[in-house]
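A.B. asks: Given next are the chains, with one letter for each unit.
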Amino acid sequence: MAKTEFVIEPGQQDIVIKRTFDAPRDVVFEALTDPTILAKWWGGPGEVKVDRYEARHGGQWRFVSRDDEGAEWAFRGVYHDVVPSERVTYTFEFEGMPGHIALETVTLEESDGKTTYVSNSVFQTVEDRDGMVQSGMQSGAEASLDKLASLVEGS
Amino acid sequence: MNSLASDQLSLTFAALADPTRRAILARLADGEATVNELAEPFDISLQAVSKHLKVLERAGLITRARNAQWRPCRLETAPLDSASDWITRYRQIWTDRFERLDREIDKLQRNRKERDHGQD
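Just so you know, the protein sequences line up as chains A and B, in that order.
So the first sequence is numbered by the working numbering: it starts at 816 and just counts up by one.
So the second sequence is numbered by the working numbering: it starts at 2 and just counts up by one.
Keep in mind that a hint or two might mislead.
[To be verified] Okay, the calculated bits of chain A under chain B, using three or more residues with CB under 8 Å as the criterion:
| no. | region |
| --- | --- |
| 1 | 839-850 |
| 2 | 883-897 |
| 3 | 932-946 |
Keep in mind that the hints were calculated from the coordinates and are not lab data.
Using N, Cα and C, we set each Cβ at its ideal position, and we do this for glycine too.
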């Protein structure tokens, strides 16, 4: 079972997430950047609509996540850089809290056929980082678990 | 968005962002202590320790007895619980996402293999 490592230090503005995937990095990159595949794993509850997805330098992205009760949360940003199979850098903004923008960089490193994924999110303030989950990530763990269960049972 | 809750969370995280204050909390996890007892292991003045205690008190992480002569400090765990709830929730969201991503990666790899065999 792959372990996900989180570094969330009190009083800091960043969050680092590390995870190893049992696949070469071009496969991981495809799963991360193909909009059809992305919609299947990125969301929490309900469904995710990929409204806009231009994974290239200067391109824009926008996802709308909708829960079972029909409530919608939209997220958007701009790609600063996309280096195939290596690195993606983009901004992240929850439309419900405009102006609170994070800069995220995802890097992929391959070794022995496995890929280490490292995501680094830097927020503008410590408060932005700490408030992030209550606002943008409201999706909630319970709903995610429900979805996970139905995916597992369905496969 | 519950701004009250997130303000409390910011206070908690800010209070935890100092090694001396974390050491004070660790000491209080063993039981109540007076300011003098808390100051003992540190090479800082009583006044500095009092300042740290004020920050912890404002964040609701400790309370101080009102009537006892030595006003011992006591650890309050509720704000720590909500800080750890926050982290747990965030971890859960990403752990779930990665599990779904694992399955998508598996599918991709299977599709690629089938495609490669198809070309033989």
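A.B. asks: Against this structure, judge whether each hint is valid.
C.D. replies: Against the structure, the hints come out as follows:
1. 839-850: It holds, with 5 qualifying residues against the three required.
2. 883-897: Contact hint for the region 883-897 of chain A vs chain B: violated, 0 residues under 8 Å.
3. 932-946: Holds: 4 residues of the region 932-946 of chain A have a Cβ under 8 Å from chain B.
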